[in-house]
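Undergrad: From just these sequences and the hints, can you work out the full model?
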Amino acid sequence: MKTVLNEQNRRNFVAQVESMLHDKLSKCYQCGKCSAGCPVNFEMDYTPNQIIKMTELGMEDSVLNSKTIWLCVSCNTCSTRCPKGFEVTGIMDVLREIAERKGITSKTEKEVQMFHEVFLENVKSHGRIFELELVGKYKLKTKHLFRDMFLAPKMLEKGKLKIHGEKISNLNQVAKIFKDFE
Amino acid sequence: MKLAYYPGCSLKGTSFEYEVSLLKILEAMNIEVKEIPDWNCCGASAAHSINHNLAIALPARNLAIAEKDGFESVLAPCAACSNRLKNADYELKNDDILKKKITNSLEMPYDSQMSINNMLEFLIGVVGKDKIKSMVKKPLAGLKVASYYGCLLVRPPKVMQFDDPENPVTMDELVSLTGAEPVDYSYKTECCGAINSLSKPDVVMALTGKVLYDAKNHGADVVVVACPLCHSNLDVRQKEIERKYEEKIGLPVLFITELLGLSFGINPKDLAIDGHMVAADRVLKKIEELSK
Chain A
0 MKTVLNEQNR
10 RNFVAQVESM
20 LHDKLSKCYQ
30 CGKCSAGCPV
40 NFEMDYTPNQ
50 IIKMTELGME
60 DSVLNSKTIW
70 LCVSCNTCST
80 RCPKGFEVTG
90 IMDVLREIAE
100 RKGITSKTEK
110 EVQMFHEVFL
120 ENVKSHGRIF
130 ELELVGKYKL
140 KTKHLFRDMF
150 LAPKMLEKGK
160 LKIHGEKISN
170 LNQVAKIFKD
180 FE
Chain B
0 MKLAYYPGCS
10 LKGTSFEYEV
20 SLLKILEAMN
30 IEVKEIPDWN
40 CCGASAAHSI
50 NHNLAIALPA
60 RNLAIAEKDG
70 FESVLAPCAA
80 CSNRLKNADY
90 ELKNDDILKK
100 KITNSLEMPY
110 DSQMSINNML
120 EFLIGVVGKD
130 KIKSMVKKPL
140 AGLKVASYYG
150 CLLVRPPKVM
160 QFDDPENPVT
170 MDELVSLTGA
180 EPVDYSYKTE
190 CCGAINSLSK
200 PDVVMALTGK
210 VLYDAKNHGA
220 DVVVVACPLC
230 HSNLDVRQKE
240 IERKYEEKIG
250 LPVLFITELL
260 GLSFGINPKD
270 LAIDGHMVAA
280 DRVLKKIEEL
290 SK
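Residue numbers (numbering that gives the first Met the number 0), protein chains in the order written: chain A, 0 to 181; chain B, 0 to 291.
FYI, nobody ran anything at the bench for these hints, they're computed from the structure.
Positions of the beta carbon are idealized from the N, C-alpha and C atoms, including for glycine.
The reader is advised that the hints may include incorrect statements.
Computed list of lysine to aspartate or glutamate pairs in DMTMM-like fashion (alpha-carbon distance at most 20 Å, straight line) [said to hold, decoys possible]:
id : chain 1 : residue 1 : chain 2 : residue 2
1  : A       : K109      : A       : E42
2  : B       : K100      : A       : E181
3  : B       : K238      : A       : E156
4  : B       : K98       : A       : D22
5  : B       : K209      : A       : E42
6  : A       : K153      : B       : D280
7  : A       : K157      : B       : D280
8  : A       : K123      : B       : D37
9  : B       : K128      : B       : E180
Chain B side only, calculated, beta carbon under 7 Å to chain A, not exhaustive [what the hints assert, rightly or not]:
id : residue
10 : S44
11 : H47
12 : N52
13 : C150
14 : P155
15 : N195
16 : V202
TA: So, in structure tokens, the structure goes:
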């Protein structure tokens, strides 16, 4: 872990996170309530309160490459319970978005990241989710071809997997949203 | 009041049972809702995870169309959709710069006058308890029902403005109206991990397993939900969870709309209850026996 940090870089990183988050990192006094109630803390490399402190200290590489930001399930238990009303769930969104913009691919949790990317591609091409195509493309991309496949026959039989997707008529509007914000 | 309906993608696919049952009970209660024309995906958890502006703009398009068409209220039965619609509405109300960016991109105005309701809010607030109670023809007395809320219906409370985030009771109240007995258990607002259902199945099974085993250990005959993503995890993955933890669960998972429909005396087939992966036969049989 890199421990010698450049103060200007630290300030820039903190400013970027705080402006995207609309919240102040210094609000957090490290009580750890967020981490105690986190349902996925057992899988994380850094607990949520550590991520907040590390961000404040400018440990950009460590937080952007952490497992934690991709393992967070956005359940908002942390933000709901935070005694300071800090946007704990929000900081995970912000850090994921910065990692994504910088082109950082998670080494350990790339499936999570890929799922989000494939999901948005699906919305972009149809305006709605076509589940079968989403799952197919995700599997091709991650090469987990057989995982969960045993569920497919029964899901088909029950009518849960639609063979045809729906496309919205005004796809141009959705394309414009993506063009403006992607 | 003109009521808009935002089905979202899951209700047109893997959770079609939710849409079938909800339209059926609304029809029985003579309540008309109209699908938002040409609605698009809200972006769900993927958009907010990696692109904040998209996470606001995608749901905002649906809200702006609904507003333009003269709707005052929208029903979003999927907990993730209602969560994203409310989040977009909240941010557009509170951030003028963002609002300008988004409405410019949409080329449509949005006045934030829309009331956004999840399924439970709609049933309690728009339909009303008295109306629901008057519809119950076949009380489900003796049936033990665990209400599972998950996260998206109640959190974050400052945006959702719905029920108590740690101990919500709305769904339990609806269960009581059907004559069934609400089960008190510990995991009703613990997350099932839906966001990573396909990418981290092991984590999701650990989280979902806790909910199912706890509901079962507290004597539940059935679990009810108001979210298609919760349903997919609790129902579709249940067999796999049993294999992983080597302990039988066998708990049917119904949408709250299906439970209400059963108490209204609607045929289970018309509520698409046979569309679930975990067969609800045992529960349907118990209901028949109890009503004798």
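Undergrad: For each hint, tell me whether it holds in the structure or not.
TA: Results for each hint:
no. : hint              : verdict
1   : K109(A) / E42(A)  : 15 Å, holds
2   : K100(B) / E181(A) : 13 Å, holds
3   : K238(B) / E156(A) : 16 Å, holds
4   : K98(B) / D22(A)   : 19 Å, holds
5   : K209(B) / E42(A)  : 16 Å, holds
6   : K153(A) / D280(B) : 17 Å, holds
7   : K157(A) / D280(B) : 15 Å, holds
8   : K123(A) / D37(B)  : 14 Å, holds
9   : K128(B) / E180(B) : 17 Å, holds
10  : S44               : 6 Å, holds
11  : H47               : 6 Å, holds
12  : N52               : 4 Å, holds
13  : C150              : 4 Å, holds
14  : P155              : 5 Å, holds
15  : N195              : 6 Å, holds
16  : V202              : 6 Å, holds
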